[in-house]
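The hints should help you fit chain B onto chain A, whose structure is shown.
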Amino acid sequence: EAQVTQNPRYLITVTGKKLTVTCSQNMNHEYMSWYRQDPGLGLRQIYYSMNVEVTDKGDVPEGYKVSRKEKRNFPLILESPSPNQTSLYFCASSLRAPGWGANTEAFFGQGTRLTVV
Amino acid sequence: EDQVTQSPEALRLQEGESSSLNCSYTVSGLRGLFWYRQDPGKGPEFLFTLYSAGEEKEKERLKATLTKKESFLHITAPKPEDSATYLCAVQALGDSNYQLIWGAGTKLIIKP
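In the order they appear, the protein sequences are chains A and B. Each step along the first sequence adds one to the number in the working numbering, with nothing skipped, and position 90 is 90. Each step along the second sequence adds one to the number in the working numbering, with nothing skipped, and position 105 is 105.
No wet-lab data here; the hints were simulated from the structure. Quick reminder that beta carbons are idealized off the backbone N, C-alpha and C, glycines included. One or more hints might be untrue.
[Claimed, not checked] Coverage of chain A stretches by chain B, computed from C-beta distances (three or more under 8 Å per stretch; other residues unrestricted): (1) 15-24; (2) 49-62; (3) 87-98.
[Unchecked claim] Label pairs and their calculated CB-CB ranges: (4) Gly63/A to Gly54/B: 39 to 47 Å; (5) Val52/A to Thr67/B: 23 to 31 Å; (6) Thr13/A to Gly54/B: 48 to 56 Å; (7) Glu62/A to Glu9/B: 23 to 31 Å; (8) Phe46/B to Val52/A: 36 to 44 Å; (9) Tyr10/A to Glu60/B: 29 to 37 Å; (10) Val52/A to Leu93/B: 39 to 47 Å; (11) Asn51/A to Lys42/B: 34 to 42 Å.
So that you can see chain A by itself, here it is in the shape it has in the complex (with noise of 0.2 Å):
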């Protein structure tokens, strides 16, 4: 089955405790990205990656970091969460950049709820 799976789902962790949130796709897409969803404020993209080794900045990288070292794997890493951080995280990937070409529409994961206190 086709899908893009995120680990954990749920997360409560502490004020600058490093942590990673695992994204991986069975589908072969070169295009990755993160965003947050918090309410009134919609999705926001933190980070981008075209291919492997291929990253850029969204609109709120501050605080983040990923890696692409294989196409199947895109890792979003907070180094020293914050209680800001606090937020819905997805994942998701597509064939290419979106609307680059027919088959670009985005497969999102299930979500990370992670709470920081």
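Just chain B, lined up with the frame of chain A:
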């Protein structure tokens, strides 16, 4: 500045009562417009992609249309299971950042 605005923020309908959701966009040029459905606590689920004015796509009770300034998601004879938040996103021409611009969504509630 590129912008996507969805209206209304929320819409309550009776089962069977047809209506439309609006997504208006301001971009220098449109590469593609996407509609997604999101259920509470879950990731958005792709519905449609529209590329040019005049284009229409249908899926069950949903029909998406596109003009040069906006897109409509028409819902015909909705059922309670159509209740969800509907998101619109745009990819602008000439956007070297390869990013989607997202609207805030319309929360649709269908009462039995």
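*Hints violated by the structure (listed by number, smallest first)*: Of the numbered hints given earlier, those the structure breaks are 1, 5, 8, 10 and 11, listed in rising order.
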